[in-house]
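Here's the letter readout for the chains.
There are 2 protein chains.
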Amino acid sequence: MEAKLTDFKQYLKKMKSYEEAIGLIYWDMRTGAPKKGIAARSEVVGELSGELFKMSVSEEMGSFLDHFTSSGVQSELSDIDRRIVSECKKEYDRSKKIPPKLYQEYVVLTSQAESAWEDAKDQADFPGFQPYLEKIVDMNLQFIDLWGYEGHKYNTLLDAYEPGMTVEKLDQVFGALREQVVPLLSAIQESAHKPEIGFLKQTFDKDKQKKFSLYILEQMGYDFEAGRLDETVHPFATGLNPGDVRITTRYLLNDVNSALFGTIHEGGHALYEQNISMDLLGTPLCSGTSMGIHESQSRFWENMIGRSRPFWNRYFPELQKNYAGQFDKVGVEDFYRATNEVKPSLIRIEADELTYNLHIMVRYEIEKALFSGAVKVADLPEVWNEKYREYLGIVPSHNGEGVLQDVHWSAGMFGYFPSYALGNMYAAQIKRTLEQELGNVNELVREGNLIPIKAWLADKIYQYGKSQTPTEIITRVTGEELNPSYLVDYLRVKYSDIYKL
Amino acid sequence: MEAKLTDFKQYLKKMKSYEEAIGLIYWDMRTGAPKKGIAARSEVVGELSGELFKMSVSEEMGSFLDHFTSSGVQSELSDIDRRIVSECKKEYDRSKKIPPKLYQEYVVLTSQAESAWEDAKDQADFPGFQPYLEKIVDMNLQFIDLWGYEGHKYNTLLDAYEPGMTVEKLDQVFGALREQVVPLLSAIQESAHKPEIGFLKQTFDKDKQKKFSLYILEQMGYDFEAGRLDETVHPFATGLNPGDVRITTRYLLNDVNSALFGTIHEGGHALYEQNISMDLLGTPLCSGTSMGIHESQSRFWENMIGRSRPFWNRYFPELQKNYAGQFDKVGVEDFYRATNEVKPSLIRIEADELTYNLHIMVRYEIEKALFSGAVKVADLPEVWNEKYREYLGIVPSHNGEGVLQDVHWSAGMFGYFPSYALGNMYAAQIKRTLEQELGNVNELVREGNLIPIKAWLADKIYQYGKSQTPTEIITRVTGEELNPSYLVDYLRVKYSDIYKL
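Going down the list, the protein sequences come from chains B and C. Once you know that position 492 of the first sequence is 494 in the numbering used here, the rest is easy, because the numbers rise by one and skip nothing. Once you know that position 388 of the second sequence is 390 in the numbering used here, the rest is easy, because the numbers rise by one and skip nothing.
Everything labelled a hint here was simulated from the structure, so no lab data went into it. Check the hints yourself; a few may be wrong.
Identical chains share a label here; the pair holds if one copy fits it or two copies do between them.
Restricting the straight-line Cα-Cα distance to at most 25 Å, the calculated cross-link-like pairs of lysine-lysine (BS3-like) are [stated by the list, open to error]: (1) Lys-15 to Lys-103; (2) Lys-6 to Lys-502; (3) Lys-433 to Lys-38; (4) Lys-6 to Lys-56; (5) Lys-502 to Lys-462; (6) Lys-15 to Lys-212; (7) Lys-6 to Lys-212; (8) Lys-11 to Lys-38; (9) Lys-56 to Lys-15; (10) Lys-196 to Lys-92; (11) Lys-462 to Lys-38; (12) Lys-37 to Lys-171; (13) Lys-456 to Lys-38; (14) Lys-56 to Lys-11; (15) Lys-496 to Lys-212; (16) Lys-345 to Lys-496; (17) Lys-56 to Lys-37; (18) Lys-155 to Lys-171; (19) Lys-15 to Lys-37; (20) Lys-38 to Lys-213.
These numbers come from a predicted model, not from an experiment.
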């Protein structure tokens, strides 16, 4: 038993090594790999990914799993080891159920679809992308049949990003959220107390932006001996191992906030990955537990800390110093309100904290309808525009800023979008418990005393990695399952104050 | 036949992919990987290297080689394919002849030896390193017996770095070189016309150093779309694939030349790797043919171009502009002479172009004697100091600046050192042909017209990668085998002029 377990863990460690190597190659490709080397480098990724996939579905893996899931043996395993086995088994079953030829076809399709999508988006040409998307949806429906499903077919897709999440649950939480957010948004739009935002849009030196971003990261407790900050077109965080969690941001010269909040957001993801217990190193549990919980951490730090009043009470003077002369005539309250401007917009990734949730609900409704068969791909532009009118009160002038704006569908990532809004809900719920357990959090933030907050999150969430499910984590930490009312309350209180409702 | 060849090449491409991934990981570790991630990253390297080694000695590889070296088949192969097979066969035989247990023992030994060496060097404590070195020499002697040898045992070690090189040949060329260099050095030391070098040692802004380094690289024809320049403690070049050849340099704030010539040196290595024919991509021939030929290119660009008078006639005004105010009172001739100061010194990596060869000869004589049994490890400090007195006229005051100065032996790299001096000889010989074929090279350099030089080298040498041996290359390009007289002539002319001998 011990020997077999050692062999199994050695096998998993090898898989993790491949994953780490692939992760580093991707980081490098995005941050500064010379472009003429990319074609050959992609083949390297192909080789390593192919090997990794083979290992995940090999006969050897199959025999390990048979052994460790057999009745006599399973019960002898430690909780962590049992979780490792079930994680591998889930992956194994998911992969084994797809015939290799079909999977290969899908890989080719999505890689072609991604470049077709880029062109289509540039030219606002939905018909140019439609056949790819139809085929991708079609193949995902085949996959769902092969994988099996309970209740709604879309549940199987959701489960890949947020284990255990269902349409039933999402309908409930998104419904409750929307019911409150839509009237709140109307009230905000009717408010006479709109923030001035002009001073956010001066020209800001890139080095100064970088310096301030690094400063805030350090304040959050981001460990620079276990990470680094680089520049990319699209910000991201990547946890190669807990001792090497890198983040990137993007500097817009005419916007003081874009790089900063991008950094804080990715920094939140990074705090999670940096603080996973070293006991989980080399196992499949050494990563965040789900997209939703991960996003809860990036959004907690970005919005609930970074866009909070106490945060700017503490850090606005530092910002003024950093951009000497540029904010002399701006008050901290003005800055705080500008930073939290709410305004319906067409592009998800530029949306504010409040309306962001509505962008997600549009996508959720559409994905759900696609996989129930209620909507056809051909109808998406119309459905999209109609939903934007209904949820946000505005309509795209062309499909490039509408249904074609996101990359996700071209890569077959259905079921991913809800994670973003789930992250907001988890974050607000966790924040409530944090306040109960840690005392006056606003006071800590006002003092720039962010480390106890990080430490609490590390203790309650980060250290566990994937050894607990999202539901287990949220229930253990907050005492109840996902409950949208915390986010609703948080948003109402915050924005009623800012817009004097 | 065709199908089997395709399979074989696929297999080799996979090996190259692993090599490329490992290469990137090393680059990253040296340029900026967060230190807390290094331990886990080293295990990733271990996994991938282990796989790569297994592939190189697998039964599958064995059966490919049996097939493609069998009499009926070999003759059907193209020249390139035959070379690919023989390259793999050489590696295969070399690895297969060492029992895995012995090799494993050696890996552990050298990794321990490297840290023992670091301590020993710091404390000038040869006895602390001696037992490791004894064991390493011992095991290399065992390897030589297993590999087999012709003539001198040391030939087998030389062959690993410079295929075909022998003690017989090295004795001849180093002898001829030494016979001329030693008296030339004496004459230089007695010359009354010593350059002033004080102005090289001002304080130089790092960003300006970087800017000038990048400018010169661009002048050399280094392709920035196929590479990048970073900063490390020890400069290096790494060719991941011909479209991604990265170099690093080190900035010393009190030395205008260190980073610059480091950059040009590594840039020379990089030009070689960037210009290997894409036809060789994914094969074991897609790299420089030997350490000696590689070093010929770094040294050609560093010394024969970069430290030449026409180069500074062209670029000294640019240097003056780059370091505004710092070289106003310095003439180009003064700068040229200072940059070529000759002075016996104790440390190889700080040596000038002329005495560098003597540092190498000391090491060559010692390695040769170690493997013939004429010298024992215990006697090395004494032998080392004696040779330095004889060749360079100076003696280390302690072993840290003497026999312990280089990392090579702790890593078991015997036979490597001669490559550096071979590089100088190859470079001078190739330069002669270049001048014959390209017309007035000095004139091109004086005009800053370096691209035709790069193009000629790419055409004559770089594109071939490892598809020709060093001897084939030098003979084809220059019409004769390695001949030290070109280096001797070059050094005599250059330094007689500088020192007015």
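Worksheet item: Tell me, which hint numbers fail for this structure?
Response: 2, 3, 5, 6, 7, 10, 12, 15, 17
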